[in-house]
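Enquirer: One-letter residues, chain by chain:
2 protein chains.
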Amino acid sequence: MSKARRHDLQATLDHITALLEKQDLVAGLVHKQHQPRQELVESLVARQQSTELRREVNALHPADIAFVLERLPPGRRLQVWDLVDSAHDGAVLLEASDAVRESLIADMDQGEIVQAAEGLDSDEIADLVPDLPREVVPELLRRLDRRGREEVRSALAFPEGSVGALMDFDITAVREDVALDVVLRYLRRRGRLSDNSGLLMVVDRDGVLKGTLALEALVTHEAETPVAALMEREPVTFHTTDEAVEAARAFDRYDLITAPVVNVHHRLVGCLKVEDMVDLLREHSQKEFLAQAGLREDEDFYAPVWRTARNRWGWLALNLLTAFIASRVIGQFEGTIEKVVALAALMPIVASVGGNTGHQTLALMIQGLALKQITPHSFRHLLARETGVSLVNGLIWGAVMGGFTWLLYGRAELAAIMLAAMVLNLVLAALAGAYIPLTLKRFGRDPVLGSSVFLTGLTDSMGFLIFLGLAALFLPV
Amino acid sequence: MSKARRHDLQATLDHITALLEKQDLVAGLVHKQHQPRQELVESLVARQQSTELRREVNALHPADIAFVLERLPPGRRLQVWDLVDSAHDGAVLLEASDAVRESLIADMDQGEIVQAAEGLDSDEIADLVPDLPREVVPELLRRLDRRGREEVRSALAFPEGSVGALMDFDITAVREDVALDVVLRYLRRRGRLSDNSGLLMVVDRDGVLKGTLALEALVTHEAETPVAALMEREPVTFHTTDEAVEAARAFDRYDLITAPVVNVHHRLVGCLKVEDMVDLLREHSQKEFLAQAGLREDEDFYAPVWRTARNRWGWLALNLLTAFIASRVIGQFEGTIEKVVALAALMPIVASVGGNTGHQTLALMIQGLALKQITPHSFRHLLARETGVSLVNGLIWGAVMGGFTWLLYGRAELAAIMLAAMVLNLVLAALAGAYIPLTLKRFGRDPVLGSSVFLTGLTDSMGFLIFLGLAALFLPV
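Heads up: the sequence lines are chains E and X, in that order. Here the first sequence stands for residues 1 to 477, where the numbers follow full-length UniProt numbering. Here the second sequence stands for residues 1 to 477, where the numbers follow full-length UniProt numbering.
Don't read these hints as lab results, they were simulated from the structure.
A pair counts as met if it fits within one copy or between any two copies, since identical chains are not told apart.
Restricting the straight-line Cα-Cα distance to at most 30 Å, the calculated cross-link-like pairs of lysine-lysine (DSSO-like) are:
no., residue 1, residue 2
1, K287, K372
2, K441, K287
3, K372, K22
4, K441, K372
Okay, chain E solo, but in the shape it has when bound:
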């Protein structure tokens, strides 16, 4: 593995960009002077490539190469990608975000793809396969040994997001009846352990998991100690069908580094590693963050405008629909507004504050659902408390806004209506913030996606309805 030089990552990016710009400049000058361009540029570029830039790029950790590639515009990205040693290609593809990975693969020919992928572990190949051109996959599988082929097939057979699809096949297993020196001799003969293993698996003759042995225990106990005396007999164990996100949460909760994965017969089939769990949690929270704003996918930063615009239509259409409904609500009160035009200026306050406070309850609910904090009891409590909070805040801030209304328009009835509408809409917003994500979840939807648009739609429409409705009922014209 190449050197990890995290401290100058931004500097590295700047340096690479500068080198690329210099290269462009030279090419540009050559072009202007009408010299035999093609050859000269090629020789220049070749010389450049063979020296500083190539050295710079390939000295980076694959994760950092991916970092740099993700931050370069598409043309430059491919220029740099061509300079990456083919030995790193597979690792860089694994580290790159989905959209960037796609653009890199599109730039490779079949031979390069196969070469890049065949150096990877089975679970990593399985990770790449969905992004590879269809015709490459059979060729790639043919190049693997029988075991590798079976592992890739097995990983692909598990549904996305399951432990089986994510697990690592590279495990080291020992028997419980041997002594530590036997284990050490075996490991030394074997000569390698995959990175960050941390644990040896203990299995019986049939491959059934009996426990785990931490490397810490292996190196701190006398050579004659039997494995059985040191092994953890009830390690946290996952099944291939478990949800990967739940497994990641268990890694977080129990401070795990490696954990065994078993099949229905409790046979050891692989392991999960903390680094994959960290990736998963990060991707999960990034996805949630973007999903809240209706951004569905990991958009390529350099995707064309038209594609990006279309990507966002679903969300926009939903938003327009709710806005249109709110508009029609107001439309029903045009007569009232015509008589008291101040209503038009005041009504957005009720709607806006409702939306904002509703989002606070919504955030608590979504977090509570994700952390499994929402039990029937705690939901009743949350509902009671959020209603209480919205009542208190509605009364206090409704009174403040009522006061301003009175000062501005000199009409006490208008102020009273403002106060009443604020209280009612805040309570409604709290209820909506609590029930909308719960309802989405009941219907098997992700509560993060869409909750916000529904909530705003509701608090807007109802805010207008409550405020204008009260005005139509009680305002002397």
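With chain E held as given, fit chain X onto it using these hints.
Expert: Positioned in the frame of chain E, the structure of chain X alone reads:
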């Protein structure tokens, strides 16, 4: 460490709740029968406590005890907390969320607190100290040995959020000129390595870090191999003054398990461990999630209404201010609205769609800033693309809404104004979504906090201004 039984965590919680309810029921019956209540209940409760519930609770992993405590209402929480063996107290306090930890500590007397804390590692004690009552700390420090005392003091001296404040002092260091069998003999004599170490540190006579030796390398190479031949000479290393969140991102990027921490003289002073990094990343993303909705702190789920309401005032006040400004913008056009009351019904559409699409740009910017994707070049690109997207979407969906306007009100001028206002407000929203977080960041503020309120305030006010302004200018009355 007790057994980790993650699969029945929800069932466990339900079971404990059921046991607590049974207990309450018995107490309630006794009370109704006017028997000598105090004694009887005490004996009953004592019997209950000494049996099932206590066994159930103490069989859990400390992280799971914290999970259960966090999900119980305050009264029940303390009932269960009293049942937790004092040996687990410290670990449970560490695992509990800040708000719950506070409520647990408030229930303990000085002796219990000292007892709970003194079993912990120095870095863990330092983690607890800020939440402990002031008078307990000197007593606790007195109980530690000199080294422990120094470590706690040193951890407390580093600013919160720095690597120094988070690092683990429990490191195992060896010399580079010894052979592996010497290392193994040393470790066996020493008899323990802290959990999830993964790495031995290699230092010179002065304690200066020379490299790291992975346990994997230690157990897979022949006994006579010198450490120097196997050690990683340029491990990813952190300084006590580095930002902890940046360190956590490096752990994620480079798949680290343990990493050395050095001081300014490059002397080894501690290590970082992946489990602490995972906690940090989780807490960080939870905080960001809540901060987006203006929820500042890790609110206790069972905090009283009044405190919760007050907690949210800052955000609410800011929101009311921006809503008030938007309202005054509309107020300036009351004359226009009086003549064409349809404007009142249509104007929220422009504001709402602007706010929503602006939030998409905002989410991309906030994520880009967090991932350090925002360079001058990429910002220009983002700005151009988001403006392009908002132009495209403004034209298309503005035309759709213009069409509806025409159908509803039969006025082509009104439809044209709707289209123009949509385009302008969407472009403005994209610019605001890009510049607001950047500006907050420039002023040293967290771009997550407040961006949303400012954005909505701007898109509302400007949406109204643009739409009503165009109407005032161009609409024949």
